[in-house]
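Asker: Residues per chain are reported as follows:
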Amino acid sequence: MKMDVVGLWQPSPNATDVTAELSAIDRAGADIVFTLLSGPVGVVVGRQMGERNMKAIAFGINVEAQKDAFWQATAGKANYVATIDTFADVEMTPKTIPFQKAFKARYKKSPIYTAGTYDALHIIKDAIEKAGSTESEKLVPVIEKMSHVGTAGTLEFDKRHDPVWGPGKSTGIAVQWQNGEQVPFWPPNVKGMKPFKMPGK
Amino acid sequence: MFQDILITGLVNGGVYALLAVGFSLIFGVARIVNIAHTAFYMLAAYCFYMLLVQYELHFAIAAPLAVIAVTAFSVLCYRLVIEPLREHESAVLIATIALALIFQEAMLIKFGGNYLGIPSTLDGVAVLAGVTIPYQRILILVVAAAALIGTWLMLYKTRLGLAIRSTANDLEVANLMGMNVHRVAMATVAISVGLASVAGVVVAPVFVVDPLMWLSPLVTMLAIVVLGGLGSLKGSLIGALIIGYVEAITVFALPQGAFLKGAVALSIMVVVLLARPEGLFGVVFEEER
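Sequence order for the protein chains is U and B.
Residue numbers 1 to 201, in our numbering, belong to the letters of the first sequence in order.
Residue numbers 1 to 289, in our numbering, belong to the letters of the second sequence in order.
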């Protein structure tokens, strides 16, 4: 599949209006708006794309779209906005759904990427128990060999100490807003995923 | 692209004008640099949100109620905080910064830090010359134009307007002529914040409501009033349109630097000030005074 990059727009993370950017994106004939957004601009992009009935699909990272409050913040205009997320009601691992439920019961909202700290703490705890020490020199070799089945995926680390990304390891979960609901749709082979929808269908 | 710039610049300029004209008005009349001006704009947006979304009042009731409530509150703030300090301009400046921060923190406590959305008053879009414009933006433009025309009529066709202009022209002479300059200043604060509240109410449905929403327009508004000439209403109006258009042109001409639109607008202000330290209409304004 051939794709062309028709333009690159970089609004401020605090932008309260992206009309000019969206007009320019419309003019450029984009089919996909690949978003890399954090901050209030994520709400503004979602809402204003909906208000303009843009045919292009917004997909990428939109931190605000990970939150339950996104639909209200966009006044229900952000249908079809998609983002990579960390948690959803799907079986990424056997721990994902129980964690999701327990988090919602305790905090009255869904977890976003920040709740990944839970897995990080368990990795450290397991490493301390195995190494019998809290010294980093002794913990690092243990973590390097570790395969931790966490709440968001199975965490293993490469030679550069980055998480190993890929199916069966750690991928994140892609979600799309559909009529006020955050619907998980990727990775497709995971139990609980639902179909992605296109505007106008 | 030309049509996009024309319409985007006009709508953005209209919103900025509502804020800048009010700010300039109160400075011109009472020499009050009201840093809390855009914080009142934020209060109006929250008030509108509360009435419309939480109390589910009709738009036609919620919008005027929000404007009236925030305007009345601004008069209270003026009487309690600003009026006692009026002789000390720097103290007024600091007091209004404090007010703005108090409003910000109060909204954070009451509504939390989440971004809030307000439903559009008018749904749907119009396509003009190939440009998609949501009806809400057309409403913003119409309301901004009506509010600015109303302000102009009030200033030039009413006795209150005459008193405001006289006070702006020479406060001491106006006082000697028997005008109650404190009341005139209070009325000006109400009109000024009224305009900011109108901006808050009409703009809130297209922007995001959050406790920090007053900061970004404050910087832009200060740039506009300095560019136009501090205290000059005509300067504020033209400055607002200039900044609105400069921002729109920046995004279209420099897509990868869209985040720089505010910086470009501020740079133009600096360039204008280097050439004309009094701003675009500063001299005319001084002559008027």
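It should be emphasised that the hints constitute simulated quantities derived from the structure, not laboratory data.
Just so you know, these numbers come straight off a predicted model, no measurement behind them.
Do not take every clue at face value.
What the hints assert, rightly or not - Calculated from the model, a selection of chain B residues having no Cβ within reach of chain U, i.e. all distances over 10 Å:
(1) Ala98
(2) Asn169
(3) His182
Said to hold, decoys possible - Now the stretches of chain U that chain B is said to cover, found in silico as 3 or more residues with beta-carbon under 8 Å:
(4) 21 to 27
(5) 134 to 142
Unchecked claim - Okay, the calculated beta carbon distance ranges per label pair:
(6) B:Ala98 with U:His161: 44 to 50 Å
(7) U:Lys159 with B:Met1: 34 to 40 Å
(8) U:Ser147 with B:Leu215: 42 to 48 Å
Built from N, CA and C at the ideal position, the CB exists for glycine as well.
Asker: Each of the hints needs a verdict: does it hold here or not?
Answerer: Quick rundown of the hints versus the structure:
1. B:Ala98, annotated as away from the interface, keeps every beta carbon of chain U farther than 10 Å; the closest lies near 23 Å.
2. Annotated as non-interface, B:Asn169 keeps its C-beta farther than 10 Å from every C-beta of chain U; the closest such distance is 36 Å.
3. Look at B:His182: its CB is around 36 Å from the nearest CB on chain U, clear of 10 Å, so calling it non-interface holds up.
4. Counting residues of the region 21 to 27 of chain U whose C-beta lies closer than 8 Å to any C-beta of chain B gives 5; at least three are required, and the coverage claim holds.
5. Check on the region 134 to 142 of chain U: 0 of its residues sit with their Cβ under 8 Å from a Cβ of chain B, so the three-residue criterion for coverage is violated.
6. Distance hint check for B:Ala98 and U:His161: the Cβ-Cβ separation is about 47 Å, which falls inside the suggested range of 44 to 50 Å.
7. Look at U:Lys159 against B:Met1: about 49 Å separates their beta carbons, and that is not inside 34 to 40 Å.
8. About 46 Å separates the C-beta atoms of U:Ser147 and B:Leu215, a value consistent with the hinted range of 42 to 48 Å.
Against the hints set out earlier in the document, violations occur for numbers 5 and 7.
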